Every structure is written in structure tokens, then in C-alpha cells.
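A.B. asks: Residue numbers (our numbering), protein chains in the order written: chain A, 1 to 111; chain B, 1 to 114.
I should point out that these hints are in silico values taken from the structure, not numbers from a laboratory. Nothing here was measured: the structure is a model prediction, and the numbers come from that model. Check each hint, because a few of them may be wrong.
[Stated by the list, open to error] With a Cα cut of at most 25 Å, we get these calculated DMTMM-like pairs of lysine to aspartate or glutamate:
#1 Lys70(A) to Glu18(B)
#2 Lys69(A) to Glu44(B)
#3 Lys57(B) to Glu17(A)
#4 Lys42(B) to Asp7(A)
[Said to hold, decoys possible] Just a few of them, taken from the derived set where beta-carbon distance is under 10 Å, the chain A residues facing chain B:
#5 Gly42
#6 Val44
#7 Leu61
#8 Thr64
#9 Arg80
#10 Thr84
[Claimed, not checked] Okay, the calculated bits of chain B under chain A, using three or more residues with CB under 8 Å as the criterion:
#11 21-30
#12 103-114
Where is the CB? At the ideal position from N, CA and C, for every residue including glycine.
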Amino acid sequence: SQQGEEDPQALSIQEGENATMNCSYKTSINNLQWYRQNSGRGLVHLILIRSNEREKHSGRLRVTLDTSKKSSSLLITASRAADTASYFCATEPYNNNDMRFGAGTRLTVKP
Amino acid sequence: EPEVTQTPSHQVTQMGQEVILRCVPISNHLYFYWYRQILGQKVEFLVSFYNNEISEKSEIFDDQFSVERPDGSNFTLKIRSTKLEDSAMYFCASGGNRVGGELFFGEGSRLTVL
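Chain A on its own, in the form it takes in the complex (with noise of 0.2 Å):
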């Protein structure tokens, strides 16, 4: 199937380490977009990356992007408490407009 699936499944770390997340996708893609959701919560979107770049920022957030080897991987710097959630990557196909997500990954931060 097409949708990302997120490496660890569940991460456990202290307030103020990083925080990596892995993302692997089976076909050809426009772009790669991260959502976070909280805890009974809709997704929110985070960061989107095109197939033609291969690292992006946005304030603690880092994603690379590898199309040889179709995968992704999601760093947060300088965790807090309130980074505590599920992270989910979504591809959107080459030839299509449906977003498929993974099963995610679930980030406990401790403080």
C-alpha cells in the first residue's frame, strides 16, 4: 500500500532530548507531510516536503527526505512536555490526491 509507515511505533524520552521518527513509503510521491495529533484530536499539520527537497526546518522541527531509498525521518529538537503526541506521515502519491497516513508514532515526552 502507499501510506507511510512510522518508525518507532512508540518513543519514550526526557524533557529538552531530541526526538526521531522515521517514515517508509513503497511508490513515487509529490510530497511528504507530517501531522501531529493529539490525544482524541483532529491532525494538525506540521511540515510538508516536495520530492525535490531534502531537508526542511520549521523552528524545532528538521525533515529529510530520501526518495532512493523512500523514506523520511522527523527530528524535534529540545523536546518539551507539550511535544507529547502521535506523529503521523503522510505521502501523497504521484498520480493521485489521496493522503495516506501510517499508523504513527506515539511520543511521550517526561518532564
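Got chain A; can you put chain B on it based on the hints?
C.D. replies: The following block gives chain B in isolation, referenced to the frame of chain A:
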């Protein structure tokens, strides 16, 4: 800030009943989506809608499901005869005037089928 709104926030229904979930997308958006998420699991694509017709649908979106944009503002998901396994959070999302942009999600409608 514009937002996607969904109603109801929670609906409890008996198996076999019809359910309509409603969404008001962001007004100048052109692409609309329904996703569902069974508790704690992945966010599953159901259907995308553009120019008053379905553009893509997943294998989950069978004949029991339908979508409609009846009045140019609301975007509805209908489940004709609910099953126990339809219990989930249903999220509506809308996107701007180009494919591949950011999606804006509503807060979801929790459907419980008894």
C-alpha cells in the same frame, strides 16, 4: 483562523441504522476528504472529493458509504447500514486550491455502533 467543523462530536447508533456525519470545510478550499481512525490505530483514508465528485476512494469505502456536498458548504458522509466495525473517529479534512497542499482537519466525529 478558518477551521473545519464537524458535527456531531459523538453519535451512538444501533447496528443497521443510517448515520450522516457532517462537515463544514474551509470556505475557499476545493478538495475534501474523509478519514477514519479506529481507537489508537492508524488514520485510514476513505474518500477524496473534488469538483462535486469522488476523485479517489479506498477499499474501505464500499457501497455502504456515500458522500455529498449538498449545498456548496456542507460535506457529508453517510453510512447506510452501520456495522459494529464502523465504530471509529471520522475525520473530515479540506485542502486548498492545489493538489498536494496542507490538509486542515476537523476535530472528528466519534461514532459508536452498538
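A.B. asks: Can the hint on Thr84(A) be confirmed by a CB-to-CB distance to chain B that is less than 10 Å?
C.D. replies: Interface hint status for Thr84(A): violated (15 Å vs cutoff 10 Å).
A.B. asks: Assess, step by step, whether the Cα of Lys69(A) is no farther than 25 Å from the Cα of Glu44(B), and give holds or violated.
C.D. replies: Judged against 25 Å, a Cα distance of about 24 Å means the pair holds.
A.B. asks: When the nearest CB of chain B is found for Val44(A), is that gap smaller than 10 Å?
C.D. replies: Result: holds, 7 Å to nearest chain B Cβ.
A.B. asks: How does the coverage statement for the segment 21-30 of chain B fare against chain A, requiring three or more residues with Cβ below 8 Å from a Cβ of that chain?
C.D. replies: violated (count 0)
A.B. asks: Could you check if Gly42(A) really has its C-beta closer than 10 Å to a C-beta on chain B?
C.D. replies: Since chain B brings a Cβ to about 4 Å from Gly42(A), closer than 10 Å, the hint holds.
A.B. asks: Given the hinted pair Lys57(B) and Glu17(A), is their Cα-Cα distance within 25 Å?
C.D. replies: violated (40 Å)
A.B. asks: Check whether the Cα positions of Lys42(B) and Asp7(A) lie no farther apart than 25 Å.
C.D. replies: holds (13 Å)
A.B. asks: Would the stated hint for Leu61(A) survive a check requiring a Cβ distance to chain B of less than 10 Å?
C.D. replies: Since chain B brings no Cβ nearer than about 14 Å to Leu61(A), farther than 10 Å, the hint is violated.
A.B. asks: Using C-beta distances, would you say chain A covers the segment 103-114 of chain B, given that this needs three or more residues below 8 Å?
C.D. replies: It holds: at least three residues are needed, and the segment 103-114 of chain B offers 6 whose Cβ sits within less than 8 Å of chain A.
A.B. asks: Restraint: Thr64(A) near chain B, CB-CB cut 10 Å. Satisfied or not?
C.D. replies: Violated: closest Cβ of chain B sits about 19 Å from Thr64(A), beyond 10 Å.
A.B. asks: Checking one constraint from the list: CA of Lys70(A) to CA of Glu18(B), max 25 Å. Satisfied?
C.D. replies: Not OK: Lys70(A) and Glu18(B) at ~41 Å, beyond 25 Å, violated.
A.B. asks: Against chain B, is Arg80(A) within 10 Å by beta-carbon distance?
C.D. replies: violated (23 Å)
Checked against the numbered hints above, the structure breaks hints 1, 3, 7, 8, 9, 10 and 11 and satisfies the rest.
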